[in-house]
Amino acid sequence: MSEVLRKEVVYLITAIVALTMIVDYFFGIQQITDAASMIRTWAVVISAMALALGTVNLMRSHGNIVRKRVPGRWFYSGVLIFFFVLTTLLGLLNINDPSSNPIYKWLFDYPYTSLGQTLYAITGFYIASAAYRAFRARNIDAALLLIAGIFVLLKNAPIGEVIWSQLPVIGGWFNDIGQVPAMRTFLITAAFGLLTYGFRTLIGRERGFYGEVGGGA
Amino acid sequence: MSQSIWNKLQMIDRRIIYWILFIILMIPFIRPLGLPVSITDQTKDLYNGLRSVKEGEAVVINISSGVSAWAECLPSLVASVKVLNQQKAKIIFWTSFVDGQLTYEAIINKVPTMKDRVYGTDYVYLGYYAGAETGVAQLAKDIRSVFTSDYKGTPIDQLPIMKNINKAEDIKIVLSSDTGDVCDYYIRQWRVPFGTPVAEIGIAMNYSAYQPHYKAGILFGLSNGSRGGAELEKLVGELGDATTTMDAINSSHLLVIACIILANLGYLATRGQK
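If you read the sequences in order, they're chains A and B. Going left to right, the first sequence walks through residues 1 to 217 as this note's numbering numbers them. Going left to right, the second sequence walks through residues 218 to 491 as this note's numbering numbers them.
Bear in mind the hints are in silico, worked out from the structure with no lab data behind them. All residues carry an ideal CB built from backbone N, CA and C; glycine is no exception. Some hints could be false.
Claimed, not checked - Calculated pairs, DSS-like style, for lysine-lysine (alpha carbon to alpha carbon, straight line, at most 25 Å):
#, chain 1, residue 1, chain 2, residue 2
1, A, Lys105, B, Lys369
2, B, Lys305, B, Lys389
3, A, Lys105, B, Lys327
4, B, Lys451, B, Lys432
5, B, Lys261, B, Lys327
6, B, Lys432, B, Lys389
7, B, Lys271, B, Lys332
8, B, Lys332, A, Lys105
Said to hold, decoys possible - Simulated coverage check for chain A against chain B, where a stretch passes if three residues somewhere in it have a Cβ under 8 Å from a Cβ of chain B:
#, segment
9, 32 to 44
10, 47 to 53
11, 90 to 101
12, 107 to 116
13, 121 to 128
14, 174 to 184
Build the full structure now, drawing on both the sequences and the hints.
What follows is the structure, encoded as structure tokens:
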């Protein structure tokens, strides 16, 4: 199959799927609804298969690092592969209810849960340090941002209300009058942008979607 | 040349800030402050929405938050499930996160009244669904095409709770707990086409993104991270993890403000010298 024909087939499939979804969403014609439902089920199944593909890719990538003994990295890749294989085997031993295996459950309840929560909590330390180093009132805009940020912080923390009962009110004003309209504008603009992008993709003008470099006209 | 105090104020070693933060986070654990938490409208509306569920009506709890978000999302989920149990609602859990099952198990362990409810009849965990927004869209139209069984492998048609439930119209409300934009999927694929009420239980970072939806009436309620959890715990009348976390929020927020003020005092005092 020539390169051109291969691309055209991809464009055609994309257009058919997109039109099917649009007609299903807005018009609800039974035959189209059934076809759309089938396509969505395919998409769910393909997404699940992509997880398996991702796993294979992960193992290949880290396997290469271990095989080549990449300095400073191979040990961590080895740990990843070891725990991946261990967890998979333990899960497969009790495939209907993996959590009934005490070692499998221990791996999730203690190392995984503790590490996951710790990693997230550590960001608090970085935020405190970053706030100290980055937030400078270098101009009027930055000063306004800082003042608004401090009021919103004091609105979210109950201590703000204890310091002065009007602090949450002022923080709420910045939030409701300042933030919400701006976020609404952003959401609506982004939605229009997405519509435009979708339409350009549909008519073959936006090539990035197809994995091509350079975009469209 | 020795530096002035104003210059030093701008160059405090980050390790000192880390230690100060660590210490002030520890203080509330030794001596809790227990400051009062006022209830915001979005949490009150979420609570009232949960209270409006009648006995036997089905509620979907979408878990798209893993263990890393437990500090922010789990207390609200626990408090919500407590209310739903009081209402004798049917609760259907599912997840789009690989570690969503841990969150489900944590909810079950933290809600004492779950032991009075029967798995498969009063509540069920259907497991993981792939496909992101496409998966959510398909769930709205045909749950059985995405889940053929629960996470233990029991066929969905053998679960009494799933009798007469297969699409968005059969669900009274959806609670989406997430750390990203999964709630948007439910807004677009459940709330807008089918009118199913949706509420968000998210991390604090999500609050600003979902507030326009709440203000527009698209979300019937919104829980803002740990603060939302503490408010829900107060409304339910059972104080829990989020209420404890509020002390840490108080002290850490004050430190961040103090850091900003100190650094800016130093900056403003030395600006003319640069």
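Here's how the hints hold up against the structure:
Among the hinted pairs, Lys105/A with Lys369/B is consistent with the structure: their alpha-carbon atoms are about 15 Å apart, no more than 25 Å. The straight-line distance between the Cα atoms of Lys305/B and Lys389/B is roughly 13 Å, inside the 25 Å bound, and the hint therefore holds. Between Lys105/A and Lys327/B, the direct Cα distance comes to roughly 17 Å. Compliance with the 25 Å bound is thereby established for this hinted pair. Under the criterion of a C-alpha separation no larger than 25 Å, the hint pairing Lys451/B with Lys432/B is consistent with the structure, at around 23 Å.
Distance hint between Lys261/B and Lys327/B is fulfilled; the C-alpha atoms sit about 22 Å from each other, no more than 25 Å. With a CA separation close to 21 Å, the supplied pair Lys432/B and Lys389/B stays within the 25 Å bound. At most 25 Å may separate the alpha-carbon atoms for a hinted pair to count; Lys271/B and Lys332/B meet this at roughly 20 Å. At roughly 21 Å between alpha-carbon atoms, Lys332/B and Lys105/A fall within 25 Å of each other, so this suggested pair holds.
By the rule of at least three residues with a Cβ nearer than 8 Å to a Cβ of chain B, the coverage given for the segment 32 to 44 of chain A holds, with 6 such residues. Using a Cβ-Cβ cut-off of 8 Å, 4 residues of the segment 47 to 53 of chain A lie near chain B, which meets the minimum of three, so the contact claim holds. Requiring three or more residues with a Cβ within less than 8 Å of a Cβ of chain B, the coverage given for the segment 90 to 101 of chain A holds, as 3 such residues are present. As drawn, the segment 107 to 116 of chain A meets chain B at 5 residues by the rule of a beta-carbon pair under 8 Å; at three or more, the given contact holds.
Three residues within the 8 Å Cβ limit are the bar, and the segment 121 to 128 of chain A against chain B gives 5, so the coverage statement holds. Taking a C-beta to C-beta cut-off of 8 Å, the segment 174 to 184 of chain A contributes 6 residues in contact with chain B, enough for the three needed, and the coverage statement holds.
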